[in-house]
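Residue numbers (the working numbering), protein chains in the order written: chain A, -5 to 107; chain B, 56 to 169.
Each pair of labels, with its calculated beta carbon distance range:
(1) A:Glu(-4) x B:Ser79: 30 to 38 Å
(2) B:Gln136 x A:Lys12: 39 to 47 Å
(3) B:Arg116 x A:Thr107: 39 to 47 Å
Here are some, though not all, of the chain B residues that point toward chain A, as calculated from beta-carbon distances under 8 Å:
(4) Gln106
(5) Thr154
(6) Lys156
Derived by calculation from the structure, the hints in this document are not laboratory data. Where a beta carbon is used, it is the ideal one built from N, C-alpha and C, also for glycine.
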Amino acid sequence: GEEVAQTPKHLVRGEGQKAKLYCAPIKGHSYVFWYQQVLKNEFKFLISFQNENVFDETGMPKERFSAKCLPNSPCSLEIQATKLEDSAVYFCASSQSRNSPLHFGNGTRLTVT
Amino acid sequence: KQEVTQIPAALSVPEGENLVLNCSFTDSAIYNLQWFRQDPGKGLTSLLLIQSSQREQTSGRLNASLDKSSGRSTLYIAASQPGDSATYLCAAPQSSSNTGKLIFGQGTTLQVKP
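Chain A extracted, bound-state conformation:
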């Protein structure tokens, strides 16, 4: 597709539950990125992929966060045992190359209660 599609739009989880977010990048884009927006304009990088390979995962809280981009499937970001501080909007973005503009999805709002 011509847009980055993120599902679901909203997700509510009780503390300690698992959350799984999905992202379908734009067709033909080789790079996928996940960002977390906690406060209004504070974006935190989580992880990037080049096709199905992890490119940079230095932003991932390794204990509870994991992500995958498998061929012919939407990419996913999974949070095990969610905590209150995981409440945020999670954005996925894709790009054609490392030097191309990033195209963002509309985000998944995760609320942990």
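With chain A's structure known, arrange chain B on it following the hints.
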């Protein structure tokens, strides 16, 4: 380590005015710099991407400049319209290797009054 700063945090102008948004960065070995727009409840829309070898990029009423030596980029919006009201963010890669780890400024929230 790259740090990105934007001023002002908020700006209100009457329709039709030309305006400039500012972005500063600390690491001049910048790979590229992007300007984004975010509307409430939406993701980011890429407006302009300036490569490190470029001095400016233009798209319609938007013009973005890049001055690596001074660590500054500006986004110029000509003849502003109410539809330009949004938050504008600039972002630069954390390092010259550009793994997609962008460092974002805090954004400038623009309101254009009819």
